[in-house]
Structure formats: structure tokens, C-alpha cells
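Asks: For reference, the chains in residue letters:
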Amino acid sequence: MSSDDARLQLLYAPHVTSNTATLATYKWLCTSFAGSIAGVLGLENYAGFALFVGSIVLTSVGVWVLLCGGKDVDRFVQGGWWEIMNPGQENIASFILFWTLFYGIVHVYD
Amino acid sequence: MALESLYLDPAIRDWVLFPITLVMILVGVLRHYVTQLLNSAPKAQLRKAIREQRALVRSQILRATAAESPIPPTYYHSISSSLSSAFAAGSFLKDGPPKEDDKDRTPPNPLSDPSQMEGMMDGMKKQMVMMVPQMVIMGWINFFFQGFVLIKLPFPLTLGWKPMMQRGIETPDMDVRWVSSLSWYFLNLFGLNGLFRLILGSDNAAADQQSMGASPFAAASGAAATPGAPQDFVKLFTAERDNLDLSEGLYKWTGADVERRVLEKWGKLPKSDAADSVVPAVSASKRKTA
Chain Y
1 MSSDDARLQL
11 LYAPHVTSNT
21 ATLATYKWLC
31 TSFAGSIAGV
41 LGLENYAGFA
51 LFVGSIVLTS
61 VGVWVLLCGG
71 KDVDRFVQGG
81 WWEIMNPGQE
91 NIASFILFWT
101 LFYGIVHVYD
Chain Z
1 MALESLYLDP
11 AIRDWVLFPI
21 TLVMILVGVL
31 RHYVTQLLNS
41 APKAQLRKAI
51 REQRALVRSQ
61 ILRATAAESP
71 IPPTYYHSIS
81 SSLSSAFAAG
91 SFLKDGPPKE
101 DDKDRTPPNP
111 LSDPSQMEGM
121 MDGMKKQMVM
131 MVPQMVIMGW
141 INFFFQGFVL
151 IKLPFPLTLG
161 WKPMMQRGIE
171 TPDMDVRWVS
181 SLSWYFLNLF
191 GLNGLFRLIL
201 GSDNAAADQQ
211 SMGASPFAAA
221 SGAAATPGAP
231 QDFVKLFTAE
241 RDNLDLSEGL
251 YKWTGADVER
261 RVLEKWGKLP
271 KSDAADSVVP
281 AVSASKRKTA
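Residue numbers (UniProt numbering), protein chains in the order written: chain Y, 1 to 110; chain Z, 1 to 290.
Derived by calculation from the structure, the hints in this document are not laboratory data. C-beta atoms are modelled at their ideal positions from N, C-alpha and C, and glycine is treated no differently.
Some but not every residue of chain Y turned toward chain Z, in silico, with C-beta under 7 angstroms:
1) Gly-48
2) Leu-97
3) Trp-99
Please build the complete structure, drawing on both the sequences and the hints.
Replies: Below, the structure written as C-alpha cells:
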């Protein structure tokens, strides 16, 4: 068997599940607050999506420094950096929802 | 493209924007709890049926870690050989060892097997609980909130989106960014999944599964393939027996040469590479007496 399978065998399932859930929560909070900020600031088009990407990078770095202690990411998350940074369809939709909501409240309505 | 700025009545925001979002959140939570209530308790299966399934799982667990196995050889070989002989003799089978005639080897038809019908009905009930509220809300929005512009999207879309986003508003020239209430419904539909995961926990029944990629057919096929009746355990056991034999070939205990590894790690024994392993025993004993 490859060494990958041997490493997989050593993973403790409840920890993996809780890590994944924590990461998912932080990603959602990050994208929804970023959406709200983008909406309140009145960012449009590319500026809004740039804020989205920037907030993802900031959150990933924050997770790495504070939760992983600045150590090698592979020790904590299977799949490395992409797993931490990838927002997924659900969070992109949340970003757009909050962005539209706050943009509408602040800038479109009197 | 003229970015004209329409002035919208704040009453629209108070009476349409917030109510739609609120209703969708509440209906989602309601769906989750209704699904939980509808969950019938898992039927108690016969001990023999459970034993049949568990035997398969036991051998799979054994095989999964065979190459770096945590269990010493005596245990591994005894478990492996006892499982193998039990599979061959068919002593774990629910209905006893297989008889000689092959006539009734056909797996039971899912539609006629009562236990499977319940599984499929459960799946369909869950699908209905998911779909009906969505359709009802869509009808409600179409009836009450039709024909006016609700909100402006902060990002542009192509003209192809116009019929969908501005359904009910007959203005050929207006920017696609001004959208109707139905598109706000869709935005909420996709965007609230994360909120549901936060307040209801990971496996909630409120999140929209279809948009997440899981096909609606997965529920029906999953119900039909639940461990049990349609699977022919005789064939499964023979296949598992072959797999067990294969794994015995791969088997290696992780603690097999642990003494050598510990000594090497602490430097008491010279590291033996394949390249220069030329009778290390002679030099070791010479060093000891010196």
C-alpha cells in the first residue's frame, strides 16, 4: 500500500469531522460578513468580487496563524491550503445574497 | 448602457424584501423539524440478518489495514481463517447454508419486498417535504409580489438573464440589474443554505440538496440499496473470501521488526541499508568486547 493509505489510517475520524465543521463555519461567517461589507460600501462589479477574494485570503491566513499555530497546514487539514481557501458554491451564494441585501438597503432605497 | 437610478419606495423594502427572507428562513427551519418528526425509527432487524451484514463489515475492516496492520500475526491469521471458513460454509447466512438448487437465486424484486417498499416510501416522503414548500412559496411570491422591481443587483448580468430575472416586468430596455421578487427568492434559496447549516447543524433537512449536486434519484436508489434484501449474500461472501486470501498475502504487522527500528533510532545498532549490508554482526560483536 502506498504511504498515503498508511497516513490515512492514522487519522482520527471525530477530529477530522470537527475540524471540517469548524472550517466550514468560519468560511461562511467570512463570506457573509464580506458580503455585508461590500454591500454597505456600495462596491460594484469587480470591486465586490475583489473584496470577496481578499476576504477569503485574509480568513485563510488568519485560520493558519491562529488555529494552526503557523505550522504546516497538512497536519491539520487533509488537502492542504486549497481545502482552507476553497469557499464552495454555498458560500459564494451567501456572499452574493448578503451583498445584494445590504447594497439594496443602503444604496438603492431612500 | 445607461445606469439610470430608479427610486424605489422604502415600503417595498419593508414589506417585500424582509418578509420574503424571513418566510424562507422560517419555512426552512420548519422543514427540518417536520423531516425529523417524519423519520420513522429504524426497523429492528432479525439478529441473523444483522449478523450477516456485520460479518461482511468485519472482514472489510480487517482487510482495510492489512498492509500496515496493527494486530499481531496470530490474531490476524486466526480471525482471517475463521471468517474465511465461515464464508465458505455459509454459516453466517440469514437463511442457512445455500441449498443445491439454483432456481431461486434471483434477488427479491424491490417492489414486492415489503421492507424495501418502506424504505422507498420514506425517501419519497422526504422529497415531498422538500419540494412542496418550495413550490408553495414560489406560487405565493408569484401571486402577491409580481410586476414590480424589487432590488438592484450589484453586479451585471448578460441580457440572457433578463427573462428570468425580470419576469412580469415588461420593459425591454431596463438594465438587467433591476430584478423582480422571484429572483430574490432564488438568491435566498441558494444563499440561506449556509445559515441553515449554522443554526440547524450539519445534517439538516432544510438545505437545498438538489442545488448541491446530489441528484433526486440518489434518495430512491439509496433506499433500494440499503444493506439487506436485494444483495445476494452468497455471492458477496464468496467474493469476500477471495479478498481475504488476497489480503493475507499483503499482510504485514507494523510491529514486526519494531525492536530493530527502535534500536536503530537510538543509535544502538548501525542502520542497515540495502546497499551496504555486509555482515554487520561481526563488527557489532567486536565493538562490544572492546
